[in-house]
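Listed in order, the protein sequences are those of chains A and B.
Going by full-length UniProt numbering, the first sequence runs without a break in its numbering and finishes at 424.
Going by full-length UniProt numbering, the second sequence runs without a break in its numbering and finishes at 424.
Think of the hints as simulated: they come from the structure by calculation, not from any bench.
None of these values were measured; they are calculated from a predicted model.
Just to be clear, a hint being listed does not mean it is correct.
Note: identical chains are not told apart, hence a pair may lie in one copy or across any two.
As the list claims (entries may be wrong) - No more than 30 angstroms apart at the CA atoms, straight line, and that leaves these computed lysine-lysine pairs for DSSO-like:
(1) 225 / 214
(2) 248 / 67
(3) 67 / 41
(4) 21 / 225
(5) 10 / 225
(6) 41 / 52
(7) 225 / 89
(8) 225 / 52
2 protein chains.
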Amino acid sequence: MTAQEAQDIKAMMTDLGQNAKAAALELSVAPTEQKNDALLKAAALLRSHTDKIKQANAKDMAAGEQKGLSSSLLDRLMLDDARVEAMAKGLEAIAQLPDPVGEVMSQWDRPNGLNIARVRVPLGVIGIIYESRPNVTADAGALSLKSGNVAILRGGSESFHSSHAIMDCLVEALEQAGLPKTCIQMIPTTDRAAVGEMLTMSDVIDVIVPRGGKGLIERITRESKIPLFKHLDGICHIYVDEAADLEKARKVVVNGKMRRTGICGATETLLVNRAVVDSHLGAIVNDLIEAGCQLRGDAEACAVDSRITPATEEDWGTEYLDAILSIKVVGDVNEAVNHINTYGSHHTDCIITEDGATAENFLNRVDSAICVLNASTQFADGGEFGMGAEIGISTGKMHARGPVGVEQLTSFKYKVRGDGQCRP
Amino acid sequence: MTAQEAQDIKAMMTDLGQNAKAAALELSVAPTEQKNDALLKAAALLRSHTDKIKQANAKDMAAGEQKGLSSSLLDRLMLDDARVEAMAKGLEAIAQLPDPVGEVMSQWDRPNGLNIARVRVPLGVIGIIYESRPNVTADAGALSLKSGNVAILRGGSESFHSSHAIMDCLVEALEQAGLPKTCIQMIPTTDRAAVGEMLTMSDVIDVIVPRGGKGLIERITRESKIPLFKHLDGICHIYVDEAADLEKARKVVVNGKMRRTGICGATETLLVNRAVVDSHLGAIVNDLIEAGCQLRGDAEACAVDSRITPATEEDWGTEYLDAILSIKVVGDVNEAVNHINTYGSHHTDCIITEDGATAENFLNRVDSAICVLNASTQFADGGEFGMGAEIGISTGKMHARGPVGVEQLTSFKYKVRGDGQCRP
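Next comes chain A alone, as it looks inside the complex (with noise of 0.2 angstroms):
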C-alpha cells in the first residue's frame, strides 16, 4: 500500500467515525417505536428487494467459486428466498423485544433527600467485524440499533456484494423512519488496512464484536485498543457423575456432541466418574460411534471399548468442531471441575447427577459463563435463553458474559435527583 492509498483510509475512517458519533446522541435518545419502525421497515425492503440481494449473492457466489471457495464456505455465503426471508422475519422478531434504553434498573432515596436511579443507556458505537455470513449485515445492525446504539460493520470480502444489498434496506429503511442514515455504516472497502485502523478508533468505537474463525480473532485480540465482546474456543465438557442418570447422561451427551458439531456449544471432552465406568460408559460410547462420532479416550477408557482409541495431552485443549470427542475417567466432582476449569474455555460445562449437592458444587465452581445441570450444551444460545437474538457470546467476565444480547450492548448512567441539596 502506498502513503496516499493508507492516508486515504485513515481519512475515510475518520469521516465514517466522526458521522458515528454524531448519529450516536440522536440514536441515544430515540423513542422505542421509531426504531421499531426502522426494524419493520428493513424487514418489508428486504422481502421487496429479494431480487436485488440475490443478484449481488450471485456474484458474491461467482468469485467464490472462482478463487475455490470450500462448500462449506459456499454454504455460509448462500442466499436463496429462505434465507431472506429468515432474515426479515430475524428484524420483525428484534422489533418485538423489549427496548432495554431508559429501564430503570434500580432506583432509591437517601436519607438527605436525593433520589437516585440507575438508568440503561446505550453503550455508544459498536464495531461488528466478521466473515463470509451476509446475513450477520441485518442482525447486528439490527440488535445495535434496537439497543440504541450506532453500527460500523466490516463484512468479508467474500460476501461484499451481498452485504452492501442488505446494507441498501437498512438505511433506506432509517431515512424512512426518519433516523440518521449514519445509525448503520458499512466500511465500504475490503482492505484489510481499514480494520487496522478500526481496532485503534477507542474515543469512538466502545466495544467491537468479532466473529469469525480463531484465527480472525486472534488477531483482532492482538491489535485492538477497544474491549472486545468475544469467545476463541468453545471447548464445552459434559462431566457423568456417579449419581448420573443413565439415560439421561445418554441423551444428554449425544446432543451436546453430535447435534451440532461445528458450533461452539458442542461438547468437545466427556468426563466420567470412576463409579460409573462398568454402569454407564459402555452405553454412551455405543450411542455415540453409532452416532457416527469419533472416540479418543485416557487409559481407563480405552479399557471399555476397543474403538476408543488413546487421547494425548493435546486433546484435552483442543475445540474438534467435528464428530469427535475425548473422554477422561475422573475420581470425583472436584477432579471434573478441576479439569475443566483447567483445559476448558470458560463457555460452557455440564454436569449430569441426580445429586442436589453435588450439582450446587460443580455450578459454584465451575468458572464459565454458562454451567448446566442435565441438559444438553448445545442450549449455550441468545435464543435459547429466551433472549431474542444475540451478537455473539462472551467468554470474558468484563460487562458481558454469555449470549450477547440487546441487554448486554446497553450501559447505565446515574440520575440524581434534588432540590438543592449540598454535600456537608
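We have chain A; now place chain B onto it with these hints.
Same frame as chain A, now just chain B:
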C-alpha cells in the same frame, strides 16, 4: 536494570500471579461469614497494632520530608491514631455491606422446562495501583475481599513501610479466618518494572483500578493490556437554566466548587442561560468570590463583574482542582448539553432548574456517569450513593460506570438447570 534483575521481577510477578489464581477459586466460594470474619479481625488487628503502624509511618514521613515532598503529599501520607481508627471503622462498615456474591440477579423458566438463573460471581483477580495514601491498602483490600476477589496491591514508594504494616494486619486476619493469605497480596518492591510486568498479566488479572494523579493514570492506560476502572479527569459542570431557582443555584454552585476543590467531583465550569445572566449571575459571582474563588469567563460573563478575568479555549477543558471556576453564557439547555458532551469528561454534571421537561432533557442527553438535578456535583461518591464504600469512580461505560462499589466488582454466570433436555 540488568537482565538478571528484570528476570527476577518477572519471576516474582509470575509467582504472585499463580498464588492469586489459586486463591481466587477458593475465595469465590467462601461463605459470607468467613469473609466478614476476616474483615472484623483485620479491624481489630489494625487497632491493636496502631503503634507499630505509626512507627512504620514515621519512617515514611521522615523519608518523605528528606525527599522534599509537598505538605499536601505529606498530609496524605500521615497516619495518626484517628486515621488508623478510621481505617478500622472502614473495614467494619465493609463487613456490614450485603455480600453481592451468589445473588440471583434474575431467574426464569423456558417453555422446554429449563430454568435459567443469572447469578453474581466475583470478577476474579483485581489489581490496584495507588500512590501516597496508605489507607488505600486497607480499603481496596477489604472491598476486593468482600466481593470475593483476590487483590494484588501496588502501593506508592512513599508509603512503602506504612502500607506493609497495614498489609501485615490484613494477612494475619486472613489466616485467622481460615482463608488463603494470598487472597490479598502486595508487590514487595517499589521497582517500576513490576508495574510494567503487572500490566501485561491479562491471563491472571481481570481488571486494574489505578488511583492517583493524571500522570499515573495516563501511563497505565497507555501500557495496560488489562481493562481498567478509571477516570482521568473530573471536568464537572453546573448549568444554571432559565428556570433555575436563584437560592438553589447560589448554594449548589458554591458547594459544588468550593466544599473541596481537590476532588474529582468538584465543579470546574459554570454554564449560565443568557435569560438569567442579569437576574442570577451577579449574586452567584459574589458568593464565589467571597468564598475565595477566582473566576474566568467568556465575554458575556466578564461583562457582569469586573473581577472575572477572560477565559481562553483551554479553560473549558481544564480540571483546575483548585479554587478557580470558568463561566460561560449559553443560549439554551441544548447548547449547555453540547458544551458538556464536548469539553466534559463524562464524570458528573448538574442542571439547576424548576422545569421538569428541561431537566429530563438534560439528564437524558448529557453523556456522563452521573447526571444531577438541583444538587451539588460533590455528591459523586460511593458513600454518598449508599454503596458503603468505593474503590474508585469510572468514567468508562464498560462494566462499571460511576462509583465502583462491591457490586461493580462482580461479574455473573448463568446456571441452567434441566431434567435431561436436548436441543431439537
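**OP:** Starting from the hint list further up, note which numbers the structure goes against and sort them upward.
**Re:** Result: hints 2, 3, 7 and 8 break, sorted rising.
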